[in-house]
Amino acid sequence: MFLRSFLRTRGVAAFAMSFLPQSLSSLHMQAGRLSELD
Numbered sequence: 001m002f003l004r005s006f007l008r009t010r011g012v013a014a015f016a017m018s019f020l021p022q023s024l025s026s027l028h029m030q031a032g033r034l035s036e037l038d
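Be aware that the sequence shown starts at 1, since it is given in the UniProt record's numbering, and climbs by one per residue.
A hint or two may mislead.
Each pair of labels, with its calculated beta carbon distance range [stated by the list, open to error]:
#1 35 with 2: 29 to 35 Å
#2 6 with 36: 42 to 48 Å
#3 34 with 4: 28 to 34 Å
#4 35 with 3: 44 to 50 Å
#5 11 with 31: 28 to 34 Å
#6 26 with 1: 35 to 41 Å
#7 30 with 3: 27 to 33 Å
#8 36 with 13: 45 to 51 Å
#9 36 with 16: 39 to 45 Å
#10 1 with 25: 35 to 41 Å
#11 2 with 32: 26 to 32 Å
#12 7 with 35: 28 to 34 Å
#13 34 with 3: 32 to 38 Å
What the hints contain is simulated information worked out from the structure, not anything from laboratory work.
Every value quoted in this text rests on a predicted model; they were computed, and no experiment measured them.
Cβ atoms here follow ideal geometry from the backbone N, Cα and C, with glycine treated the same way.
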């Protein structure tokens, strides 16, 4: 039970680590576009 939840959180962490850089870069691009509009 504990091992299963540990593996699931590890999988979620690995997914977040692979997904966060892309979302952060897209957010950065959107922020840059918004600052250009100002």
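Do the beta carbons of residue 30 and residue 3 sit within 27 to 33 Å of each other?
-> 40 Å, violated
Is it true that residue 1 and residue 25 lie within 35 to 41 Å of each other by Cβ?
-> 37 Å, holds
Pairwise beta carbon distance, residue 34 to residue 4, judged against the given window 28 to 34 Å | Check failed, 43 Å falls outside 28 to 34 Å.
Is 42 to 48 Å a correct range for the gap between the Cβ atoms of residue 6 and residue 36?
-> 45 Å, holds
C-beta pair residue 36, residue 13: status relative to the range 45 to 51 Å that was hinted | Once the Cβ atoms are compared, 34 Å apart, the range 45 to 51 Å for residue 13 and residue 36 is violated.
Could you say whether the range 26 to 32 Å given as a hint is met by the Cβ separation of residue 2 and residue 32?
-> 44 Å, violated
Could you tell me whether the CB distance from residue 35 to residue 3 stays inside 44 to 50 Å?
-> 47 Å, holds
Lying within 35 to 41 Å: is that true of the beta-carbon distance residue 26 to residue 1?
-> 37 Å, holds
Taking 29 to 35 Å as the hint, is the beta-carbon distance of residue 35 and residue 2 inside that range?
-> Violated, since residue 35 and residue 2 (Cβ atoms, about 47 Å apart) do not stay within the stated range.
Satisfaction of the hinted span 39 to 45 Å by the C-beta atoms belonging to residue 36 and residue 16 | Once the Cβ atoms are compared, 29 Å apart, the range 39 to 45 Å for residue 16 and residue 36 is violated.
Does the Cβ distance between residue 11 and residue 31 fall inside 28 to 34 Å?
-> Holds, since residue 11 and residue 31 (Cβ atoms, about 30 Å apart) stay within the stated range.
In this structure, is the beta-carbon distance linking residue 7 and residue 35 contained in 28 to 34 Å?
-> Once the Cβ atoms are compared, 42 Å apart, the range 28 to 34 Å for residue 35 and residue 7 is violated.
Checked against the numbered hints above, the structure violates hints 1, 3, 7, 8, 9, 11, 12 and 13; every other hint is satisfied.
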